[in-house]
Every structure is written in C-alpha cells, then in structure tokens.
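Chains as they are written, first to last, in numbering that gives the first Met the number 0: chain C, 0 to 263; chain G, 0 to 525; chain V, 0 to 174.
It is possible that part of the hints are untrue.
Stated by the list, open to error - One-sided and incomplete, this derived list gives chain V residues near chain C with beta-carbon spacing under 8 Å:
(1) Lys-61
(2) Thr-63
(3) Pro-76
(4) Ser-108
(5) Lys-122
(6) Asp-154
(7) Thr-163
No wet-lab data here; the hints were simulated from the structure. On a predicted model such as this, the values are computed, not experimentally measured, just so you know. For every residue, glycine included, the Cβ atom is placed at its ideal position computed from N, Cα and C.
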Amino acid sequence: MRISNILLMVIFPTAALAEWETNMPRGVTPTSEVAYDLHMLIFYITVVIGIVVFGAMLYSILYHRKSLGHKPAKFHESTKVEIIWTVIPFIILVGMAVPATKALIMMEDTRDSEITLKVTGYQWMWQYEYLEDNVTFFSKISDESNAARRLGSGVDVTTVDNYLRDVDHAIVLPTNTKVRILLTANDVIHAWWVPELGGKKDAIPGYVNEIWVDIKEPGTYRGQCAELCGKDHGFMPIVVHAVSKPEYYKWVGIQKTNRVAKNK
Amino acid sequence: MSTDIEKLHDDHDHGPSSGIMRWITTTNHKDIGTMYLWFSLIMFFIGGLMALVIRAELFQPGLQLVVPGFFNQMTTMHALVMIFGAVMPAFVGLANWQLPIMIGAPDMALPRLNNWSFWILPFAFTMMLSTLFMESGGPAAGWTLYPPLSLQGGDSFPFTILAIHMLGVSSILGAINVIATILNMRAPGMTLMKMPIFVWTWLITAFLLIASMPVLAGAVTMLLTDKFFGTMFFTASGGGDPVMFQHIFWFFGHPEVYILILPAFGIVSTIIPAFSRKRLFGYDSMVYATASIALLSFIVWAHHMFTVGMPLAGEIFFMFTTMLIAIPTGVKVFNWVATMWRGSMTFETPMLFAIAFIVLFTIGGFSGLMLAMVPADFQYHDTYFVVAHFHYVLVPGAVFAIMAAVYYWLPKWTGKMYNEGLGKLHFWLTTIFVNLTFFPMHFVGLAGMPRRIPDYAVQFADFNAIASVGAFGFGLSQLLFVYILFNTLKKDVTAEDKVWEGAEGLEWTLSSPPPYHSFEKAPTVD
Amino acid sequence: MSSFKKTYLSLTLFTIFMFSFSYMLVPLYDIFCEITGLNGKTNQERVLVVNENPSERFVTVKFTSTVANSAPFTFEPIDREMVVQVGKIYNTFYTLTNNTTSVKHATASPSVVPHEDAEYFKKIECFCFSQQQINGLETKELPLQFIIDNELDNDTRTLILSYTMFNTTDQVGSK
C-alpha cells in the first residue's frame, strides 16, 4: 500500500474501510504522470508543514492552559522570527515552483504531433473530427445510461454498466503516438477531460485550444465535460479506446468505408 | 452626501423610537448592525436549504428529487445567497456593531447612508429569490455567470443582474462608510498602528470592496447589454471574447474572496489573544501581511481560469503570484500559533471556533497551494477538489469566524451571557459535521468527479453519501445556534462590562449592553 | 469637517473610476491578446505591406472549420492541409453553403494554434474581414490569401487555422 493512502487514512479513517478511490489517478500519459507527481510532492510538503504547525499548536493547547496553572509569557514580537518564517516558506515555494514550471512547459508543448483530433462541444454531446483522415462523428451518452438517469426512471443505476460513463460512439486513439487535441465549441463553453489522459482544457465557441496526449497503455479511459454547460452538463461523457497503431489504422479504414457507404 | 457628524448631533437625545419604525428609520450603528446580523442568519438558512437540496440529490447516484435544470439553479443561488447574503452582510453587521465601539466613536460616519445600505439588501434578495418562481426558473449558469451560457438565461436574467447591482451598491456604500468612520472618527491618541486588528482588517476589506465591486457591476452590465442591446463584448462573431468576461469577473472575484476572509482574520486575531491572555504576536507583521494579501489579490485573478488556454508566460506568472500569497497567509498562521505559545489558555466557545478556524482554514490553504500548481490544477480544476477547497476556507473559515465573533461579543451586545455548555455542544457538532461534509469532497474530486453535476457515476457514491449525511448534520446543528441565541435573549441582563478576563479594547470599557449612543465623549488612548 | 468631505469625495470618485476601469479592460484585453496570442486571435485587419521573402523553411498548415450554434450552414476548407514555404504568399478557399432558402449573413472568427504563433500567420485577403451575405441555397467560395512570417519560431512545424462561422443574420436585421 502506498504511503499516500496510509496518510489519507490517518486523516480520514473511513477510507480504510473500503478500497475507495481517494486519490488522483497516475494516468497513462506523460502529462498525467507529471501532474500526479507534482500533486503528490505538494501533498507531502503540506503534510510536513501541517505536522509542524499543528504539532506546535497542539502542544501549546495541551500544556499552556490556565487550568494547569500556566502563566502567560510577555513576549509579543520578534523581527527575527518574522523574517525566518517569511524566508523559509519562500524557499519551499521556490522548490515547488521549479518542478511545476518544468512540467508546465512540457505540457504546453504540442509540437510534432502525428495525429490531430478536433473536439467540438455541443449542448450536450461531443463531435470528433480526425483532421488528417477526415473522419467525423458525434458521441453522446449511451442510451442505457440516458434512460436510467431520468428523474423517476425507476432504474437502479448501480445495475447499469458504466452508468453515465458510456457513449454510443467512442473515440479510438493509437498508443505511443503524440496526438494533438483541438478544442472548440458550438454553443457555450465546455471542457474536455479524461483524468487518466492528463488535464482538461476549455472548449470555447469561436476559438480553438489545444492539448496533447501520448497514451502509453492500451485500454479504455473515461471522462466527462468539466465546465458547466447547461442542464445536461453532467451527462456528456467521453470514452477513449487506446489501441496499437495498426489497430488504430484498421479502425480508421472502417470509418472511412462507412462514410463512403453512407454518402452513397 | 449632506449627512455629516453635525446632523448626527441633532439626533443626540433621542433614544430608539418604538415599534417597527425604529428598525426602518434607524440610523444607529447598533440597530443597523443587529439587522445586518439577523438578515445574514436568515440568508444563511435559505442558502443552507439550497445546499441541502443539492446534497439530498447527491446522496445517491441517479436522479431522485429534482431535474438537472433546477439543480443548477440551486448551485447558482446557493453561492449567490451565501456570499452576498450570508457572509458579507454578517461581516458588515459586525463592522457596524464593533467599529465605533472599538475606535471610541459615537456612531458610524454616515448614519443615514448606513440605513440605506442595509435596506437595499432585503429588496435585492427578494428580487433575486423571486426568480426561482418564474416560469423559466432562476439563474442556472453558476454564480460566476459565464457567457455564453448565462446569456441563455430566461426571464430571470435581468432580475438577477439588477439584484447584483443593488448588492454592489449596498456593499460600496457600506465600504465608504467604514473607511470614513475609521479614517476620521478614531479616539484621540489612537494612531493607525494602535487600532485593534479587526479594525485594520476591515479598513483593508473596505478598500477591496470599493475597488472590486464596481468591476463586477461593469462586467454584469456588459452581460446585460450583450443580451438586450446588441453589444458584442463576449461574442466571438462581433470581435468579442467569452474569456474576457472571465478575466473581468475574476478581477473582481479574487479580491472578493479576500473580502470574505480578511475580516475573519481580524476576528481570530482578536479572540486568540483574549483567551491566551497574551498580546497578539507580531501586530505589525499582521497588518503588513493583511495589506500584502490585499494587494496580491489584484494580480492573481487568472488562477481561477488556468484551463481557458492562456499563453505559457501568463500561466507561469499567475502561478507564481498565487504561490506568493502563501507567504503572508503563512505569517498570519504562524503569528496565531506564536500568540497561543506559552499563553494561559482557556477554551470558551469563541476560542474553540477560533482554534478550529486556524486548523481548518490552514487545510483549505494547503489545498489552495496545491491548486496553484498549474500542471496539477489542470486535473483539479472544476472538480469537487475545488469545491472542498473553497468550502474549507469559507465555512470553517469565514463562517466559523463569524460564529466565534457572535459568541465573543454577544454578551457585550446584549448584556446577557449565552449558555456555555450549549455553545460548546454547538461547536463540536458543527466542527464534526463540517469535516464530514467537506473532507470526502477532496477524494471524489481527485478521483474525477466534476463540480456542478446533479448525478454522478457509481464509483463516487460512498463519499457522496457521507458528505450528504454531514451536510444534514451541519444544517440541523445550526438550529441549536438559533436556540442558543433566543435562549440568551430571554435572560436577564447580568453580563459584566468586561466579559472575558483576557479581552482588550475600548468596547470592554462600555457597559454591557452599551448605551444607545456609544462614546458620547471620545475616550483617550495612550 | 473638510477631511470628511474629502474622504467621501475621493472614495466616490474611486468607485466611479473602478467602474470605468472595467470598461477600460476591454481594449486593454485586446491589446493583451495581440501581444500574447491569447486564444489564437489573429489580426482582424489585413496586412497591407507584404514583402515576399521566401525562405528555405517549409511548414504544414492545416485548415479546419466550425459552424457556431448549429447554424444552417455547411462550411468547409477546400484544402485541408497545405505544405507552405515560409515567407511566400498562398491562396486557398473555404466554401460556405446556405442550407435554407432565405438570405443569410455570416461572419467568421479566426483562431490559430499554437496560440504563440498566431501573430506570424498573416492574412492578406480574408473573408473573415467582413460579413458575408449569402442567398438561399447558394454555395460561395470564400478566398483566403496568407503568408507565414519569416519570424516564425524555428521549432514550429505545424500551424492550424480554424474558422468558426457565426450566423449574424439577426444582428443585421436589428441594425
């Protein structure tokens, strides 16, 4: 068991009762990994600071109380101490800023992507377009989830597979390939987010934003819209199937054939 | 403004008039302070009920109680009511009660304006809340009103904007009054650096208010003209940009965040020394830290919107400035701990709330520091981790400070002592439930649950159920607070003038309750 | 008393100033965008002085399009991708089809990624400079003439130009 989990359990004991997800996923892309590492680094730093500060406070609360006959000291200022606790946090902050800046520069570098996937947010679904291969389709919440989520649907949602996390038409992306994802929107601002693929970015009508992913592990990754976009904001999931490159091109071929068939 | 101190002197010999007219026409700072505080309490319960609708719906996955549209109205209204209706008026109420009696003044500098700035509030909120009963429902785009979504709002939209304008006017008038009072009406001998720390924090807060509320007014006016008068501030087809709204909004919004917390710092800095029986450690550095937090608040706004796609240099700039805020905030926390260090502490209800404030606010500060890291923020942004963060700084932060202040000064205001045992019970229930509500939100947020969703995937169910139980427990515990208040008011006047052994300041030289006009003759401060 | 009045007056003036400041932020924001390439906003005005100075470098330009608010348009680039020489003028087209039978007005909003390179994508002639009027069921070819500035960052090998087409018929009607 990782130390982080133990620490979380100390802070919040019920977490020990079940294997509940309590932390950010480490994910499967370079960007999600740096985000996770940074997250854990800052978490440990704050835990240490917390132990020092709260420890001093607790000691004071336990021993410097009137009921124990403790008499108040007279000191009430010290420039030296003030300087110390201004400078030390500053040094810690610099120590945090360096890896954060490095990670950020890496995350914002979309150059030399092999594939471009354009994502357009709609109220309330996504449109995907593979720019190089001219493959376009819409992707919305699966019918099963959509029926179950209605008020008074009478469906026990725990029986629905991947409730609210399944779509009718998933995206397929190749592994070990740098993919540039362009984000824009049709109507209002949305945000495209699959936690295991790294961070999110806003999809803004009239403008394009970009992020990149380079998925290291084949698998199915799920996410959803992360910017309030109206009444069905909670119901626009994202599903990404990551497959090997040959499989990806096979899939693209099928999509193209389907499109030609449809156009006829 | 024609009202000035001379007009005030004309009113001198009148006591309070009787009946309802006393409250409608009053220009007395204590009456107005009382009204602000009651108003805030009512709003706290209204906003709390909305929170309970949210938590009830989120108790289990699946939609059981409300439709998504109404859920969004609840999240939007909950925020607007709590920020503008509960926390800000509570601080203004405390300012009204405390500033004159802390600086040795007879009343606030602008008594009639004071009356007006209070009485705007009930009308503004009646209008805002009435939108919930309109056919199109209330505003549902989040309290941040981001366009283009907010421009899709129905009939409620102009009413909400107008209500926000009224709230802004009320806050600005209140802030002008506070500044004028503090700068001009201090007792002889009370130099700026001898002012009680609560007065200092409110002075700085008031400057933040008049600097930021007009910007909010500008932003929502642009929304209004975009919707109804064909301007194109926020529409790309007309050369506008929806992201610009977010910049302008958060240019207001971040100072606003500190408006909600700086007076709380002042309260805690007053209460901790009183019950440690030791002077506040590092008074000067506390003042400087508060001022630097206020100044920094104007150059960090874009950390609320790291995911809009800013240039790299912008992201780095806002990350660094945001991290810098940790330094003055840290100084404050260290000073509080140093004040307690080797003191002679007792743990009455105000002290308990103040100590809980320090611990839980610091936890909120830690998650704030994590959120400042842009690469990690790309994951945290718009998730329940953020919800947990800002509730930690606002509920056990601002709200706990307000409760601490009420327990601390209630005997002074009423001349009656509250029931200490019940007060402590209220504290423990509140503290346990507040953590039960908000701590699990860190976990679901990290695990990938976005905020502002009425329904969620099944793997988030357990923590959401816990949070909902906590929320209902928290809500019910506040009924005890109301009981304690009424129970206190029923008692006979028995509190001493100097209620607390370690309390310092001019207000404790007055009788409990203080005379209708405090300090007819200005006291002298060495 | 005058110190009171001074306080009120200066605070009131400050409030008014801050309100105006929120409007001043609008042009400031545009300047800020132009400097930093925020949102990939490109210059909305045509480049008047063009010095063709072809370099040895080639970059790929990809073209994409979006129709805003599900307007009844079909809007697509003719060239989805061009390999262009930096410092040389190129021409391309987008096509816009009005899928209704009534006259429509349309305005395109450009955006370039990477945002930092938006300023080097210079448009000499662009349909986005003005509002388009299009008859019912008509298909129009919309010209674009551009040049990639020689100042373009050496590490940039791909630029993507995106246009979002807005239906601005209502705005015309109201004016």
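Hints and how they fare:
Taking 8 Å as the C-beta contact cut-off toward chain C, the hint placing Lys-61 of chain V at the interface holds, the least distance being around 6 Å. For Thr-63 of chain V, the shortest C-beta to C-beta distance to chain C is roughly 6 Å, which falls under 8 Å, so the interface hint holds. Hint status for Pro-76 of chain V: violated, given a least beta-carbon distance of 10 Å to chain C, over 8 Å. Annotation: interface hint on Ser-108 of chain V holds; nearest CB of chain C at approximately 4 Å, less than 8 Å.
Against a cut-off of 8 Å between C-beta atoms, the interface hint on Lys-122 of chain V is violated, since the closest Cβ of chain C lies about 16 Å away. Hint status for Asp-154 of chain V: holds, given a least beta-carbon distance of 6 Å to chain C, under 8 Å. The criterion of a C-beta within 8 Å of any C-beta in chain C is met by Thr-163 of chain V, whose closest approach is roughly 5 Å, and the hint holds.
In summary, the structure is inconsistent with hints 3 and 5 from the numbered list given earlier, while agreeing with the others.
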